[in-house]
Amino acid sequence: MAALPDSESPEYVWRLFVFWMSDDLTSADPSDPPRRKILPHTPPDFVPAGTSFFLTLCARPRGALVFTQDSVWLQVKDAAEHYHNCGRWHVTLLLAMPDHLHLMVSFPVHERMSRVIASWKHYLAGVAGIPWQRDFFDHRPRTSAQLREAEIYIRDNPVRAGLVCDPSDWRYVWPRSGGDSVPRLSVQ
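When the letters of the sequence shown are read in order and numbered with our numbering, they come out as residues 1 to 188.
It is worth saying that the hints were derived from the structure and are not from the lab.
Where hints are given, some of them may not hold.
Claimed, not checked - Derived SDA-like pairs: lysine to any residue, alpha-carbon spacing no greater than 20 Å straight-line: (1) K121 x Y83; (2) K121 x R142; (3) K77 x S119; (4) K77 x W132; (5) K77 x V116; (6) K77 x A125; (7) K121 x Q75; (8) K77 x S144; (9) K77 x T56; (10) K77 x L93; (11) K121 x T56; (12) K77 x F53; (13) K121 x D78; (14) K77 x G126; (15) K77 x R142; (16) K77 x H122; (17) K121 x R60; (18) K121 x D166; (19) K77 x W120; (20) K77 x G87; (21) K121 x V72; (22) K77 x A118; (23) K121 x E111; (24) K121 x R62; (25) K77 x A64; (26) K121 x P61; (27) K77 x V109.
From just these sequences and the hints, can you work out the full model?
Structure, rendered in structure tokens:
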């Protein structure tokens, strides 16, 4: 039996990192690059069609100024609106930060979230040259209060990042109207 690595050794730290990234410690070889877990993105059967999801999609590398380039934002917004009008999804809010997008979106019963997002990202990678991170993050608000909190979080994101003083000043949001009665964070 091999000796266990010292808790401060690089090998130990690597194995601990791989343990958190993977279900299989047997592949914890320091020469292998770390692998992210693949997220399932399949809502449970008891979740009704039309349920809203809070999604975050990121560009590579982190910190890149991608989505707030006017030409890229126009293509992102137009593609989101096209998918919305075609019935692939129903977007209630899309907000672009420099390196990521937030969406409040629901999907019809005949569409799978992962397929719609993959298709949309593939299209935008081709027409806008967006270097996407693999996968995306999804959260299902379970109550109307959580849904409202998610919308406030999304709309206030540019204020928290110090990009604007008032959410209404951020121009990378679609649709521009709606939700104006929701209390907003302001920086004076």
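Worksheet item: Which of the numbered hints are not met once you compare them with the structure shown?
Response: Violated hints (numbers, rising): 2, 8, 15, 18 and 27; every other hint is consistent with the structure.
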